[in-house]
Each structure stands twice: as C-alpha cells, then as structure tokens.
Amino acid sequence: MLQNFRLSMTWLHTWFGLVLGFVLMVVFFFGSLSVFDREIDRWAIPQTRFEPQPMPSFDTLLLPGLRQVQPDPDEFAREAPRLIDTTQAPLPARESLEADEYWAYTTHRDPVLRMGVGFKVPNPKDPSAHNHIHGEVTIDPRSGTPLRADQLKIGSEFFYPLHYSLHLNWNSIGIYIVGFAALVMLAALVSGVVMHRKFFREFFTFRPKKHTQRSALDLHNLTGVLALPFHFFFAFTGLAIFVSFYFLPVAHTQLKPLHDHHEVMEAAATGLPHEAAGVPAGLASVDAMVQEAKRRWAARDMAGEVGFLVVSHVGDANSYVSVYRAGSDQVALVGQGVHFKASTGELLREDPPRSAVGSVNEFLTGLHLQHFEHWLLRWLYVLGGLMGCVCIASGFVFFVEKRKKQHARAGSAGSRVVDALAVTTVTGMLIATLSMLVANRLLPADLAGKGDWEQLAFWGSWLLAMAHAFVRSAPVAQARLNPAWREQCWAIAALAVAAVLLNGLTTGDHLLKTVFTETYWAVASMDLSLLLSAAVASFAARRLRARERLETAPAPAHRAAPGAGDAAHA
Amino acid sequence: MREALLLMAAWAVCTLAMAWLALAMDAHWHQALGRAHPLPPARRRALRTAGALGLAVSLGLCLLADHASMAALVWVLLLSASAASVAFTLSWRPHWLRALFGVVGY
Numbered sequence: 001m002l003q004n005f006r007l008s009m010t011w012l013h014t015w016f017g018l019v020l021g022f023v024l025m026v027v028f029f030f031g032s033l034s035v036f037d038r039e040i041d042r043w044a045i046p047q048t049r050f051e052p053q054p055m056p057s058f059d060t061l062l063l064p065g066l067r068q069v070q071p072d073p074d075e076f077a078r079e080a081p082r083l084i085d086t087t088q089a090p091l092p093a094r095e096s097l098e099a100d101e102y103w104a105y106t107t108h109r110d111p112v113l114r115m116g117v118g119f120k121v122p123n124p125k126d127p128s129a130h131n132h133i134h135g136e137v138t139i140d141p142r143s144g145t146p147l148r149a150d151q152l153k154i155g156s157e158f159f160y161p162l163h164y165s166l167h168l169n170w171n172s173i174g175i176y177i178v179g180f181a182a183l184v185m186l187a188a189l190v191s192g193v194v195m196h197r198k199f200f201r202e203f204f205t206f207r208p209k210k211h212t213q214r215s216a217l218d219l220h221n222l223t224g225v226l227a228l229p230f231h232f233f234f235a236f237t238g239l240a241i242f243v244s245f246y247f248l249p250v251a252h253t254q255l256k257p258l259h260d261h262h263e264v265m266e267a268a269a270t271g272l273p274h275e276a277a278g279v280p281a282g283l284a285s286v287d288a289m290v291q292e293a294k295r296r297w298a299a300r301d302m303a304g305e306v307g308f309l310v311v312s313h314v315g316d317a318n319s320y321v322s323v324y325r326a327g328s329d330q331v332a333l334v335g336q337g338v339h340f341k342a343s344t345g346e347l348l349r350e351d352p353p354r355s356a357v358g359s360v361n362e363f364l365t366g367l368h369l370q371h372f373e374h375w376l377l378r379w380l381y382v383l384g385g386l387m388g389c390v391c392i393a394s395g396f397v398f399f400v401e402k403r404k405k406q407h408a409r410a411g412s413a414g415s416r417v418v419d420a421l422a423v424t425t426v427t428g429m430l431i432a433t434l435s436m437l438v439a440n441r442l443l444p445a446d447l448a449g450k451g452d453w454e455q456l457a458f459w460g461s462w463l464l465a466m467a468h469a470f471v472r473s474a475p476v477a478q479a480r481l482n483p484a485w486r487e488q489c490w491a492i493a494a495l496a497v498a499a500v501l502l503n504g505l506t507t508g509d510h511l512l513k514t515v516f517t518e519t520y521w522a523v524a525s526m527d528l529s530l531l532l533s534a535a536v537a538s539f540a541a542r543r544l545r546a547r548e549r550l551e552t553a554p555a556p557a558h559r560a561a562p563g564a565g566d567a568a569h570a
Numbered sequence: 001m002r003e004a005l006l007l008m009a010a011w012a013v014c015t016l017a018m019a020w021l022a023l024a025m026d027a028h029w030h031q032a033l034g035r036a037h038p039l040p041p042a043r044r045r046a047l048r049t050a051g052a053l054g055l056a057v058s059l060g061l062c063l064l065a066d067h068a069s070m071a072a073l074v075w076v077l078l079l080s081a082s083a084a085s086v087a088f089t090l091s092w093r094p095h096w097l098r099a100l101f102g103v104v105g106y
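First to last, the protein sequences are chains A and B.
Going by our numbering, the letters in the first sequence line up with residues 1 to 570, in that order.
Going by our numbering, the letters in the second sequence line up with residues 1 to 106, in that order.
Only chain A is shown next, with the shape it has when bound in the complex (with noise of 0.2 Å):
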C-alpha cells in the first residue's frame, strides 16, 4: 500500500511537476522581479528617477488631472457593446461618457501616481451591474505632468501581469491556468515531501561534485525543501487572492442576486449610499477631508499618509469620499478607511478594525502583494522565488539526466524535446527578460509607441532563444549536453553587462553616480542585480563548458553509477 501510494504520489509529481512546470517557471522568476516593480519601472522610464512622493493635493493638482482623462479606446471598444443597450439609443461617442467615480492610489516606492476615473455607460443592459468604462493616467505628482501613455512600465505593466496571467488575456485564461499550477504545485510540493525519503538527513545536502544527476536532484531537494514555507505561502496566498475570481462564473450566475443584496445590506450597514441619488451636487474640498482623516489616524495612535484615494457616484448628492491609509508599516496593503459626504465634507464613517476573519485575509493577501515597507523582507521574498526557479530548472535537468542514455539507447527523442523546452524556460526567458531592458535603452525615448516595440523584442527574443535550443540540440539524442545551454548563458552575460552600461550612457546614472555621488537604489539596484546576474551566467557557461569537454573525453568512473537515492525519483 505505502509502495503504492509512493509510486502514485512519484508519477504525480513527474509529470504535472514537467507540464506544468514550465508555466510556474514563469510565475516565480516574474513574481521574484515584481517585488521590485517599481524600481524596474524606474530604470526602463528615466525621467520619473526622482524621490517617492506623498499624495498630493486632490483639489489643486489630481482633480483637474483627473477632469482630462478619457474612457480608455481599448477597453470602450470591447466593453461598450458589450454593456449598452444599443435598442433604445445608439452607441455614445467615447467622450460622452460622464465620470462615476474618481480614484488616486500611491505607495511609499512611488515616485509617480497612478489615478483614474470610472466612467458610467448611459442606457446600461443590466442597470444592476457594475457599468463602469475605466481610464487611466500616471502623472508626475510634483507638477501634475501625464507621463506618455505609450511609455511601458516594464516593471508594473509587463513583467507583473505576466507573473498572474502570462498575458493571456482571452476570456481571462492566462489567469485560470497560472491558478490551476499554482494548484498543482500545492500537490508537487505534499508529493514532494512524501518521495522524500530522506528528508531530514539530507537537509544541508548539495554535492555539486557528484555525476549532473545526482547534483541536479539534490539541488531540487534543497531548494524546495529549504524554501518550502515560502512556496507553501505563496502558492496558498495567490490562489487566496484570485479565489473569488476563480469563482467568478458561479459567483455571476447563481450567487448574483445574493450578491447584489449583500451589497444593499453592506451599504445600509456602513451608512455609504450605494446608489447614486440622481440630484446634481457640487464637490466641497477634498484637502480638508484628507487633513480631517490623518487626524483620526494620528487620534488612535497610527499617524500616516494617505495610500488610497476614492470618490464614489462623483457629481451626485450621494457621492462620498473615501480615505484610506497606505499599509507601509503593516502586512495588509491599506486600511483604516474614513469616508466623508463630497458635498459638504461632513464624515459619514470611519471604518472600525477588523474582525478576526477580514485581518487574516489582509494579511494572507497583503503578505503576497507586498506593499509595505520592509527592505530585507523585500530580498528575501526574491530569494524564495528565485529558489523555486532553481527548484524547477533543476527538476528539469533531473528528469532529462535520467532518461537520455536510455532515450539515446531507444532512438526515442522524449529528453531532446524536454531538455529544449527547459533551455527556453530557464535560460531563453532571461535572454528574452534582458532584450527587453536592452530595447527599452536601445529605441528612442520619443518613439511612438515605445512600449509596443519593447514587448516584441521580448516575444522576439524567446523566440529566437527556442529555436536557437531546438537546433542544437542535437547531443541530447547522443545522452550528451545540449551545447544551448551554455551559449545562452553567454548571451545572458553579454546582454546584462550591456543593459548595465547603455543605462550609463543614454541617462549618464551610471553606478559611481547611482551608488556614491547621487544615491538612487532603484536604479543602482537593478544594475548591481544585472552585473552579478552577468557573473552567475559566465560562471555557468564555464562550468558547463567543463561539462562538456568531460563528456567528449572517455567516460571517467565515477561518472558511471548512479546514486543509490535515485531510485525514489522515477
């Protein structure tokens, strides 16, 4: 029975852990590089390299930005149709559409602002719904400048998606499979630790000097046992934060008008309007209420600044703004929301704590999202994701060190296609991450649509670096090293140490600046990362240089008989 259960538990985790591998390989390194999203976005958009600034006034500088905005022409495109009824009138012109709520939101790594409006649809289908067409605009919070929409945040806007929902934007699916791996890895991780026979005893155990199969079992043991907690938490807490999207098609059907009566009930409780009242009202300052809420913070001894900023049913006599805090000192992102009547300023709530059910789901949530400020949590947030990236190249390695003599002996090209794949996962992802850095420096910063041209180079790039691991992949078929994994390991040296020094040259921030004359860590950061990535990656090619040179020369002894531990990993 336990044999069994061992076998199945084995098949389980092989197989799921190389399918779905490939996708998780994804979530974890974009995942490690979002935790310094911002710092990303500060390296790819020079001119917002300036100190992280507070809120700024609503009434003066973010309320005549937000006057300007404009439904975004994508989403109104796909949305319109899809939410007016177009038998009773025909589809409005995009700026008609009247502003139904107003919104700020910054954090203590943000230079720039990022705000947008809610715009409401005339003649809606379901007059129940949420009938909002957004648009967006991040300004310079200092002179309430708008940054060119068309200059990418690689960081925020590339690199984060991709972690949650690979950019597959149909129908949503890059975000059901990234919760369906992270799923499977809940289960690779249990089967994990049951295959495990040893688990305790070799705890600290990694023989790099062993033949490539042991070494790479080792090393995936190591990685994922050591960072266990942190794939446990991180898979639990993602699935956490998307579960009532994951739910979304049973939440819309069946559990919609419990849904809609919740919401009634909520606003009754809380006292906020939840509909609007349909009577014009002008809107009193905002400043004032701002001021009025960080006095309530500081009364209960949190004084803060303000990380949220919402105006809801904007222009109605039931609009109501709503304060929040931002979470920089606590796990949870904000919080400690003060609501107040925009006609007159006069406070119609402040939220009181949570209870015990809603601080642990900010805090399960808050924990993945990170916006607090806490620098060595940070890193080591980015060490766990990197070492589940290693725990996963080295499953690769493992599973393909383990079958090529027998494949090469069968004629079978099984490993030859693994062992490709997992060359464009592992070391074509970065080639494709760092052409994209490389771009971003490359192309003019006036051209128009800058950010387009960026995302090619990184689509490009993997591309390129597939084909460039099918061809010569050859070896594998001959049980011997495929020789793409060290040429792209030099491609990652030379592509790092030149997206270190194209920052020097085209914005003059080079690292004696960055680092001693004129300290900015979020540049100097991403340089010194790219510089020792560039290190790692001409050590590996080395080593794998080695590797190969081994190989072409007769077989050496110890090389020949596989480690007794083996036998557990099928």
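Calculated from the structure, these hints are not laboratory results.
Note that the Cβ used here is the ideal one computed from N, Cα and C, for glycine as well.
Negatives, chain A to chain B, calculated, CB over 10 Å:
(1) Asp59
(2) Met195
(3) Leu239
(4) Ala298
(5) Glu346
(6) Arg354
(7) Gly358
(8) Asn361
In the SDA-like style, the derived pairs of lysine to any residue whose C-alpha atoms are separated by at most 20 Å in a straight line are:
(9) A:Lys209 with B:Ala27
(10) A:Lys209 with A:Arg545
(11) A:Lys513 with A:Ala498
(12) A:Lys210 with B:Gly34
(13) A:Lys209 with B:Gly34
(14) A:Lys120 with A:Gly282
(15) A:Lys209 with B:Phe88
(16) A:Lys294 with A:Leu348
(17) A:Lys198 with B:Asp26
(18) A:Lys198 with B:Ala27
If you want the footprint, here are the derived chain B segments under chain A, 3+ residues with CB under 8 Å:
(19) 21 to 27
(20) 66 to 76
(21) 81 to 89
Given the structure of chain A, go ahead and fit chain B onto it with the hints provided.
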C-alpha cells in the same frame, strides 16, 4: 537604524544556529572536520541545543525589530536563507564551519 541592526543580528544568529544544527549531523560533521574525528554524543546534544536556542534568539530579535505579524514572516524566510547559505558553505567551503563548533566547548 535600530531595526536594521536587530535584523542583521537576527540573520547572523540564525545562520550560526543553522550551522550548529548541521554540525550535529554525522555527515556534515565529517565534511567540516574530516573523517578522523567522530562526533561524540554529548557534543551532538550540545550542538542541537545551541542550534535550537539560536533559532529562538533570532525569532526574539525579529520580534524586537517589527510587529509580530511581520516578524514571523521575516523569521520564517530567514530560516530558509540561512539554511541555504549553510548548505552551500558545506558544498564548497566546509572547513569554514570548523571555527563554529569551538563556541560550544570542544
């Protein structure tokens, strides 16, 4: 500044504790000291106790630096980071750990 110092201390103690726990295992003891020195049972117990105490101290230091919720998170991740650095030291520079066992009375 105080937080940064406390966290650095927590990290250092955590790594030290992980090294002691590793040395309490025969395989790693031999890696660090060579085959010629067996690991006496009393020394094993001492190393284990020191390791466990060290982990507790590092948790205490984390709690002094941050809120309890944040501190728990930092400590759990420090465990991973420290254990990994001990493991890689054992793979490439095992003799570095030789200096550490003396602290527990050789």
